[in-house]
Amino acid sequence: MKNAVKIKSNKFGITIVLDQEIPFEELKEKVAEKFREAAGFFGSVQMAVSLEGRTLSEEEQWEILDSVTENSQIQIVCIVDSDEEKAESFRQSMNHKLNELSAQNGQFYKGMLRSGQVLETETSIVILGDVNPGAKIVSKGNIIILGALKGIAYAGAAGNGSAFVVALEMNPCQIRIADVIARSSDERKKIDKEPKIAFIENGNIYIEPLSRDILKIIH
Amino acid sequence: MSEVIVVTSGKGGVGKTTTSANVGTGLAKLDKRVVLIDTDIGLRNLDVVMGLENRIVYNLVDVIEGNCRMKQALIKDKRYPNLCLLPSAQTRDKSSVTPEQMKKLTEELREEYDYIILDCPAGIEQGFKNAIAGADRAIIVTTPEVSAIRDADRIIGLLEANELKRTDLIVNRIRMDMVKRGDMMSIADVVDILGIDLIGAVPDDESIVISTNQGEPLVGDDSLAGQAFMNICYRVMGEEVPWLDLSGKSSLWSKISDIFKKK
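Chains as they are written, first to last, in my numbering: chain A, 981 to 1199; chain B, 59 to 321.
Here chain B stands alone, though its shape is the one from the complex (with noise of 0.2 Å):
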């Protein structure tokens, strides 16, 4: 049974791209096929996370308007053969596709594949409307901050009115020393104000930044938010995973702990 995910926020630049990318991934390395969809048409960047840009030759509105075959247009990743990428247009905007022509798109690629990931642009307006037609479950990202919070909350009520099966949130960017200081809102606060199941949580991580920039997503590494991107990866498929300690403080006794746990 395949799934169609979209992840949105509402909000911009809270790391929906990044997480996009990272949970893809990470469910490829899990060995499911996966097709990451950016649906930001005119402001593409999963390519560039992802670093597939120079691979791009036809994308989302070509297939769209029939200028190419699906196949032509996907482009697989460089990493894991069954993972691909379906690029956005850089030259058009976001009216150049309908809901509905989403929801045959998404319809057609769940023939040949268990995830189909959609990244949705910021905003509620038409790029919104395209990217939720066809997904069956929503991942919501949002960061501790109060208008990262509000904007999501926002989303999940327009997802409800969409009759989404499911929605789950990640909560990103957390730093666990300003949370420890009461600067930041807890993981538990977030989960309180929006009500909806987490299926994880993200360190601020500099790690993340690195990843970004040389387009190699991180999940699945050593770094924190590597392995809270890998056990989203886990939930997402519907297993339970312990959840990881945030603080970073990895103290030498806990990496030997950690060894041993492993084994």
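If we strip away everything but chain A, and leave its shape as in the complex, we get (with noise of 0.2 Å):
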């Protein structure tokens, strides 16, 4: 019996196709033997799994993910239905959570982002340094910068509408934190060089002074 087990990538993970036909018990030692294979592709990763192919009782379909799991080093991170309303919801959770990862880990860079260079982060970041204009800086999460940003800041690029941009000197030509854009007004103002924050409140992105008030807002 050849491929009575198929692994196949989707968005989230992998998706593992089940032959309908051949008795359970040998499907699951085709399933741990396939794995056994895989288990140095995949390496030590987190995924999705969506089974597909075959009813399964809940009690088969544990099975089946644990053999999986002791056969990879491979973390499910949850169980997908191939159905559209969950995989929805599903997208919405994995985001959250992402999100979430990203906004809580940071990465730290240290020089000066000129023209034309682009900096983009998985995770938070701090940069200590200037951001020109003509730079950016995108990150799924936060961004806080140690100097300057006269250039372009992303943050919660992902779409993680509660992450913030800090700068020392906010000067920016635009900042966008999910998906709204603000951009500089076009009145030339003296920069007061204290250090700022942009967040998102109502759908609009505020800049305010980086007090004890702000940041109790900001969740």
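I should point out that these hints are in silico values taken from the structure, not numbers from a laboratory. The model shown is predicted, which means the values in this text are computed figures rather than measured ones. Every residue gets a Cβ at the ideal spot worked out from N, C-alpha and C, and that includes glycine. Among the hints, a few may not be true.
Unchecked claim - Derived Cβ-Cβ restraints for the label pairs, each shown as a range: (1) B:C126 / A:K1169: 24 to 32 Å; (2) A:E1174 / B:E123: 34 to 42 Å; (3) B:D194 / A:E1188: 49 to 57 Å; (4) A:D1046 / B:D151: 36 to 44 Å.
Two chains, two frames, a set of hints: combine them into the complex.
Structure follows, in structure tokens:
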């Protein structure tokens, strides 16, 4: 019996296509075998798994999943049904989880970002240096600039509306948070060199001095 | 009938971007539908000179690669609703675009605009080839310096080889006081060397620096350079305009007579 178990990749992780003919015990063995082979390929990853091709009882489902985790280093974050509605709700919870992760973890960069340079990170980022006009930082989490922000900062790039941007000198060309874009005003104003924070409230981006009261509002 | 005009020079720093911004804005002032395209991929600055940098979301390369629609990338000018800017990408390089793609892009824009003005990068490499690909005519910008003129001459030769219908000359940054002392080539000298039609001469004017830094093109204002650029716009449209006295020593009498002339 060839190809009783097939692994396909999808947006969130993998789909395991199971044969519906062969006895369950045999199928379980095939799954174990398949994942033993593929363990090296997948390595240690977290992913979502969906099962297709065969109707399984809850118990059987667990057995299959156990056999996957036992035979590889894959950590199954959750199981996805192929049905659309569930996939959507799953996508949301996955994004939420990712957003949380990217906001909580951080990276550090020392140096000056110059025109034409783009720094993209999956996590929050702290920059020790200036971000010049024409330079861009994209982060799925928060952006904290210990220097002047004169270019473009894009926080919460995966859609996290609670992300924020902090800079010691806030003079950005553009700030984007999630799907909101704010641009600098066309009048030339004197920029006061005090630390400021940009965040979304009611669908708009606000820039406020970094005070204790403001920090209370931001979660 | 729409026209695609490339503003080029060969040498850098002679005023291509300033000219593009002012001619584009001037034509828009004269109620033409104008789109300015910055073809200097990787070293854009037409957006800065136009004061539109903070509005950029998509750019030329995004349009060409199909990441967005043309309408999304075109930035409407803050002063004239009939003027648009297509900014270039800052994080890419000239090889991101081919001459064929530029040609297609300009063809698409012809339908909706009277003038499509391409700000060409310095040099004669890929960026230059991209910029001239879709152009009907060219405006050559030069300064009265031998190095700039040498490069302009080379460019004119390349344009002729590409069979552009028309090339016109702008002599930029001229200083009449130096010309009078014999320390600078006169406009006539430059035209004589290059042998193409003169479409305008722009004096070396402090107000240009100020306008560039503020992101507000000065075309059409009272400054000598502003008037010179406005005259260029009329000539681009094919109108005959008298030549401006660039000596800059506008006496009280000439100012008064100007007022009467306007009436």
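Going through the hints against the structure:
1. Distance hint check for B:C126 and A:K1169: the Cβ-Cβ separation is about 31 Å, which falls inside the suggested range of 24 to 32 Å.
2. Roughly 40 Å separates the CB atoms of A:E1174 and B:E123, a value that falls within the hinted 34 to 42 Å.
3. At roughly 51 Å, the beta-carbon separation of B:D194 and A:E1188 lies within the given 49 to 57 Å, and the hint holds.
4. Between A:D1046 and B:D151 the beta carbons are some 52 Å apart, a value that contradicts the proposed interval 36 to 44 Å.
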